[in-house]
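When you line the sequence shown up against my numbering, it's residues 1 to 635, in that order.
Treat the hints with care, since some could be wrong.
Label pairs and their calculated CB-CB ranges [what the hints assert, rightly or not]:
#1 M317 with A95: 30 to 38 Å
#2 L562 with P490: 17 to 25 Å
#3 T458 with R174: 30 to 38 Å
#4 P191 with R518: 43 to 51 Å
#5 E634 with A95: 28 to 36 Å
#6 A600 with E576: 17 to 25 Å
#7 E464 with R363: 23 to 31 Å
#8 K215 with R477: 48 to 56 Å
#9 E634 with E278: 45 to 53 Å
#10 E278 with Q454: 42 to 50 Å
#11 P490 with N283: 34 to 42 Å
#12 R518 with D455: 17 to 25 Å
#13 K215 with D67: 39 to 47 Å
Because the hints were derived from the structure by calculation, they are not lab data. Here a beta-carbon is modelled for each residue, glycine too, at the ideal position from N, C-alpha and C.
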Amino acid sequence: MSAIAGIYYLDGRPVDENFLVGMLERLAHRGPNGTGSWVQGSVGLGHRMLWSTPESMGEHLPLADADAGLVITADARIDNREELIEVLGLACPEAATLSDSEIILAAYQEWGEDSPAKLIGDFAFAIWNKREQNLFCARDPVGVKPFYYYKGPRTFVFASEIKALLSVPDVPRRLNEAAVAYHFLAVHDEPDTTFYLDIVHLPAACSLTVTAAGKRLRKYWSLDSTRELHLASDEEYASAFLEVFTEAVNSRLRSAQPVGSMLSGGLDSSSIVCNARESLRSNGSRLRTYSAIFPSLAEKALRRIDERGWIDSVLAMGGVEPYFIRADMISPLAEIETVLNHLDEPCWGPNIYLHWAIYGTARQQGTCVLLEGIDGDSVVSHGYEYLAELFRTVKFRILIREAAALSYGSRRIMLGVIWRLGFKLWLLGQLDRIQWMRAAILKKGMANSKILNQDFVTRIRLKERMDSIASRQLPGRNAREMHMLSITSPLIRYSVEIADKIAAAFQVEPRFPFLDRRLIEFCLALPPNQKLSNGWNRVVMRRAMEGILPSEVQWRRSKTNLGLNFLYKFFEYERERIEKFLSHDSEVLAEYVNIPVLRAAYTRYASDPPGHEQEASTLFRGLVMASWLRNFEEN
1 MSAIAGIYYL DGRPVDENFL VGMLERLAHR GPNGTGSWVQ GSVGLGHRML WSTPESMGEH
61 LPLADADAGL VITADARIDN REELIEVLGL ACPEAATLSD SEIILAAYQE WGEDSPAKLI
121 GDFAFAIWNK REQNLFCARD PVGVKPFYYY KGPRTFVFAS EIKALLSVPD VPRRLNEAAV
181 AYHFLAVHDE PDTTFYLDIV HLPAACSLTV TAAGKRLRKY WSLDSTRELH LASDEEYASA
241 FLEVFTEAVN SRLRSAQPVG SMLSGGLDSS SIVCNARESL RSNGSRLRTY SAIFPSLAEK
301 ALRRIDERGW IDSVLAMGGV EPYFIRADMI SPLAEIETVL NHLDEPCWGP NIYLHWAIYG
361 TARQQGTCVL LEGIDGDSVV SHGYEYLAEL FRTVKFRILI REAAALSYGS RRIMLGVIWR
421 LGFKLWLLGQ LDRIQWMRAA ILKKGMANSK ILNQDFVTRI RLKERMDSIA SRQLPGRNAR
481 EMHMLSITSP LIRYSVEIAD KIAAAFQVEP RFPFLDRRLI EFCLALPPNQ KLSNGWNRVV
541 MRRAMEGILP SEVQWRRSKT NLGLNFLYKF FEYERERIEK FLSHDSEVLA EYVNIPVLRA
601 AYTRYASDPP GHEQEASTLF RGLVMASWLR NFEEN
């Protein structure tokens, strides 16, 4: 995790280096190990360095190749280094010390705009091509590394964070009111928009070529839902999964400083920890683990949230240095103004305080890289779409067997499983999918819109916007299409972007083994019965972890909801703040939010905090939005 920034004046004006320096000052938290800038005429590139890999130690960016007329700035970790070094003819005694940026630049010289497709890893970079007079930008397939930009008639500006863009006088600071509405509705289906009307994301798996004449956006990679992997046995599938998963984990252990991992006791984080510790132990290092615990919760609540038993079973296997965070002692609004300053935008997920506390603890321990389990559920897949596939292919005997296994012997539950996950999912794939999705999303979205001021709803034409979103969302026609839609959900991009900014606040680099392109492609290609079999979801992964995970974690069925702590602690720690906000400080929201509806939500929540999750989430979003809007208006 470093920072990149750049300015390109499309009308040929010379770049004032002070503007570039100002951008880099706002990104200082992302790169404490060095800063650099390059300016020539109408183009300027900048960089803030965090030494997170051995090859980055002492590296200085931007990097210029005068002979080729190229300059690069990059925030990147390239995982197929050895392969690229060989293919690009870079093999030499010093090849092992080549920086990832040098490899990207060589790949661009060889393949041009096709080069991002050749890269495995997480990256966001920009290359100025003097000969072609264009700026070539690219972002990794999942969008792990951030890239924001503004494109005006005379100016193109990009950076790792929005705050850097806003420091440039040419960049407008206009509120995207639709994003305010989506915040309260928890809608995240517009892939490039932000809370600033004129600032957008470079979408994941896309490149952008900018010239004085305009810009060209190109998608360089996409998943193939028609590809299926065929192996001879369950054991071969499990072995193949383990090989790809181990490579994904090991690629993210390449670090110049200590490595840690979140550990919740679930299948995802436990698999990462147990795999990573073996690799680190072989070279004499110990993995640090970070776990949120909630010992002060009442026994009834603790039973629903406590994962200490599973965490302890992983720790008992040794080879790790554990750290625990007392999440029950933290307010969900702890340091919220500082959090929002780092995010640049409001957040709607109330568990963000857990990430803030964990990354803060990692920083205190000197951990530079932290592994996270996002989003193992989607990538490996629970496999429930297999039931619809069985219905579609008229394999009713297997359908009934799987439904029975999922139902723990209950005939009533079994019939419900067959209806909900079998027949209904199959039926939706056969109907007019656009009309069905429009109806479903409109019904849900407009029902939730009661929290919004109805004049605001009318002004931004919310119904038409929701209809447009619905028209872009289609249910899959078969199991693999359904799996692909889950993997490509905008929520994954949103989650990793939030994690990146929280981690950057503490100068820690987050890495996500399950979001490895190779693992994603492998899991999507698996046959449906390798995702769900005999009532076991994610079965190929469970089999692959035999002898690596403790058996009680490997075959764990339950999944805890850490949001329960939020429901208790939000009321316990912030009751006075909520009531003051609703009584005196909510004016900043009045243009957008129906304040009486918000007050009524609090009345219900206060009567039974653990029983009103939706109301608590709405209140959290209201407080967060109010805090962010006040800062937006003041600046």
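Hints, one by one, checked against the model:
Distance hint check: the CB atoms of M317 and A95 are about 36 Å apart, consistent with the given range 30 to 38 Å. The given range of 17 to 25 Å is respected by L562 and P490, whose C-beta atoms sit roughly 22 Å from each other. Checking the proposed 30 to 38 Å range against T458 and R174 shows it is violated: the Cβ atoms sit about 20 Å from each other. Distance hint check: the CB atoms of P191 and R518 are about 23 Å apart, inconsistent with the given range 43 to 51 Å.
For the pair E634 and A95, the beta carbons lie near 52 Å from each other, so the given range of 28 to 36 Å is not met. The given range of 17 to 25 Å is respected by A600 and E576, whose C-beta atoms sit roughly 19 Å from each other. In this structure the supplied range 23 to 31 Å is violated for E464 paired with R363, their Cβ-Cβ distance being about 45 Å. At about 34 Å, the CB distance of K215 to R477 disagrees with the hint of 48 to 56 Å.
Our hint of 45 to 53 Å for E634 and E278 holds, since their Cβ atoms are close to 51 Å apart. Range check, E278 to Q454: about 58 Å between beta-carbon atoms, so the 42 to 50 Å window is missed. For the pair P490 and N283, the supplied restraint of 34 to 42 Å holds, since their beta-carbon distance comes to about 38 Å. The supplied range of 17 to 25 Å is broken by R518 and D455, whose beta-carbon atoms lie about 50 Å from each other.
At roughly 27 Å, the beta carbons of K215 and D67 sit outside the given window of 39 to 47 Å.
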